[in-house]
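Engineer: For reference, the chains in residue letters:
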Amino acid sequence: MSKEPSRTIKVDVLARVEGEGALYVKLKGDRVQDVKLKIYEPPRFFEAFLRGRHFSEVPDIVARICGICPIAYQMSAVHAIERALGVGIDPAVRLLRRLFYCGEWIESHTLHVYMLHAPDFLGYPDAIAMARDHEEIIQRGLRLKKAGNRIVALMGGREIHPVSAAVGGFYKVPSKSALKELVDELKWALDASLATARWVSGFDFPDFEQDYECVSLSHPEEYPFNEGRIVSNRGLDIDASDYEENFTEQHVQHSNALHSVLRGRDSYMVGPMARFNLNFDKLPDVAQQAAHDCGLQVPCRNPFRSIVVRSIELVFACHEALRVIREYEPPSAPRAQTSARTSIGQAATEAPRGLLYHRYELDQDGLIASAKIVPPTSQNQKRIEEDLWHFVSQVATRPSEEITWKCEQAVRNYDPCISCATHFLRLHVERG
Amino acid sequence: MSLRIIGCGNFDRGDDAAGLLVARRLRALGVETPGVQIPGIENLSVEIMEHSGECFSLMDCWTGIEQVILVDATAPHGTPGQIRVWNAHADRLTEDVFPCSTHAFGVREAVNWGRVMNRLPPTLLIYGIEGNRFLLGAPPSLEVERAVDSVAERIMTWFRTHCSKLHKDFRERFSVDLGGS
Numbered sequence: 017m018s019k020e021p022s023r024t025i026k027v028d029v030l031a032r033v034e035g036e037g038a039l040y041v042k043l044k045g046d047r048v049q050d051v052k053l054k055i056y057e058p059p060r061f062f063e064a065f066l067r068g069r070h071f072s073e074v075p076d077i078v079a080r081i082c083g084i085c086p087i088a089y090q091m092s093a094v095h096a097i098e099r100a101l102g103v104g105i106d107p108a109v110r111l112l113r114r115l116f117y118c119g120e121w122i123e124s125h126t127l128h129v130y131m132l133h134a135p136d137f138l139g140y141p142d143a144i145a146m147a148r149d150h151e152e153i154i155q156r157g158l159r160l161k162k163a164g165n166r167i168v169a170l171m172g173g174r175e176i177h178p179v180s181a182a183v184g185g186f187y188k189v190p191s192k193s194a195l196k197e198l199v200d201e202l203k204w205a206l207d208a209s210l211a212t213a214r215w216v217s218g219f220d221f222p223d224f225e226q227d228y229e230c231v232s233l234s235h236p237e238e239y240p241f242n243e244g245r246i247v248s249n250r251g252l253d254i255d256a257s258d259y260e261e262n263f264t265e266q267h268v269q270h271s272n273a274l275h276s277v278l279r280g281r282d283s284y285m286v287g288p289m290a291r292f293n294l295n296f297d298k299l300p301d302v303a304q305q306a307a308h309d310c311g312l313q314v315p316c317r318n319p320f321r322s323i324v325v326r327s328i329e330l331v332f333a334c335h336e337a338l339r340v341i342r343e344y345e346p347p348s349a350p351r352a353q354t355s356a357r358t359s360i361g362q363a364a365t366e367a368p369r370g371l372l373y374h375r376y377e378l379d380q381d382g383l384i385a386s387a388k389i390v391p392p393t394s395q396n397q398k399r400i401e402e403d404l405w406h407f408v409s410q411v412a413t414r415p416s417e418e419i420t421w422k423c424e425q426a427v428r429n430y431d432p433c434i435s436c437a438t439h440f441l442r443l444h445v446e447r448g
Numbered sequence: 042m043s044l045r046i047i048g049c050g051n052f053d054r055g056d057d058a059a060g061l062l063v064a065r066r067l068r069a070l071g072v073e074t075p076g077v078q079i080p081g082i083e084n085l086s087v088e089i090m091e092h093s094g095e096c097f098s099l100m101d102c103w104t105g106i107e108q109v110i111l112v113d114a115t116a117p118h119g120t121p122g123q124i125r126v127w128n129a130h131a132d133r134l135t136e137d138v139f140p141c142s143t144h145a146f147g148v149r150e151a152v153n154w155g156r157v158m159n160r161l162p163p164t165l166l167i168y169g170i171e172g173n174r175f176l177l178g179a180p181p182s183l184e185v186e187r188a189v190d191s192v193a194e195r196i197m198t199w200f201r202t203h204c205s206k207l208h209k210d211f212r213e214r215f216s217v218d219l220g221g222s
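As given, the protein sequences belong to chains A and B, one line each in that order.
Take the position in the first sequence, starting the count at 1, then add 16; the result is the number in this note's numbering.
Take the position in the second sequence, starting the count at 1, then add 41; the result is the number in this note's numbering.
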């Protein structure tokens, strides 16, 4: 019997993640014996809640799943229902949906980069403590986030839980002049996002790389938001309608969020790093150049560098928002006509944290017979645990407090949104 | 002088509506004077806002305002409807009363950010109404409804006291008894 001492490291409530979860790590000597990412936020049963509701209500209901990425839920929902009903959308609506998504990415990525993840790299317990020494930087982050908020408020009617998305389009579309009012601030935001990328690229990154199967949407002409095939760096190339044939969800005892795996394979990664690795060539020149200037390799395999990748996506989102505003001509009607029929539709879009899959089955009256929602965090959850298995091995000789700090940082690489996945975090390291 | 009363919360989550209900009660009492300039009291402007309580937009809400009264529901501790008042410059808002949201920074973080970044208004009073139930779709509890009335009355009293030297029209509007003036 081994006489090596055991250690258990627990984080009972993971801070600076969206939602409620805990982390448990068991060490025997310096060897990892167990890692569990425990999501104990209760299941929220949104899929059951949707049954019997009319399809037109779905975008507003699913927006309530998440206060950070409501637009992602709305977009996956409207696309899935539009596919079910055979609804085509106006090209101008398509453009506006990209702009809407730009706003959410700017809000969400800025919040994560500045307020949630940067303190880990700079040695602060939280962003408020960081602000005492880096006020100017935090002020930049606040203004950048606000630029995203302005897009969301204009497009969605309000900043939180927007209400304008509809099956077929929007309940109300903005005028050209209203969009043009955003231009000056977005030009500033583009410069600020480039400064953000330069700032975070100077952080000290742990020497840690993994061989990920990256999964994201891929579109032939553009960095993905709403459309594209689901692809991976290991040959996956499917339509969203084939998602459930290729991916499955597994219940694990220690978590209220299901673990997604690729059938016949294993865990995979979704989110900014996966998108970046699979779609680098679709980024605009300004974002590609920024990535090169920041020293990012393609593919990027160090999850701690995801903060740099997020910043590059900020550059993209600001640049894309400006492009959309330049090209926008209002549609002839804010939304296409829809009529109910018995049908099934699936869609996946790119939430800030990664691929978000929705499927809806409708009856002849347009009522939801069944719904399935697979959020990015549940897809990443198994991969997060695997990162921790390998990463804790690298830092196992360090004091428990340092392991705890590093593990939380490693979890935050994924910007997990636990409330979406419960459908997040406390750390417990046990040395035994 | 500018005064902004901010009621925070969510109408769809039971007692979380407390701050919003106080805002509506005060608005119904006619407290709001948006854009009205009242001679003799340095152009008093009173505005009532309803707000989700999200940290960063909340900071924007009080930027440039001299006096702010904020009302929000607080976490349950067995005394539903209990009213507590904090001076944001002097008192500490604790996590057990203003717990972390799973999805956004809230009132406590806004006050802490505001302190660090010198973005607190000169006066920021926070009224907290202890909640009991925060279920989706639930109505507010009776205890919280009573506390809403009480907080609205307290703010009106504060208002009357602070407005005791106001212009005649203003006094009449709020039936301010100035003892023979």
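Treat the hints as calculated values from the structure; they're not laboratory data.
Any given hint might turn out to be false.
Unchecked claim - If the Cβ cut is set under 8 Å, some of the chain A residues that face chain B in the computed set are:
1) PRO141
2) ILE144
3) HIS150
4) GLU151
5) GLU152
6) ILE154
7) LEU158
8) LYS161
9) ARG166
10) ILE176
Note that this is a predicted model, so its numbers are computed, not measured.
Beta carbons: idealized from backbone N, C-alpha and C, even for Gly.
Engineer: Evaluate each hint against the coordinates.
Structural biologist: Checked hints:
no. : hint   : verdict
1   : PRO141 : violated, 12 Å
2   : ILE144 : holds, 5 Å
3   : HIS150 : violated, 11 Å
4   : GLU151 : holds, 6 Å
5   : GLU152 : violated, 10 Å
6   : ILE154 : holds, 7 Å
7   : LEU158 : holds, 6 Å
8   : LYS161 : holds, 6 Å
9   : ARG166 : violated, 11 Å
10  : ILE176 : holds, 5 Å
When each numbered hint is compared with the structure, violations occur for hints 1, 3, 5 and 9.
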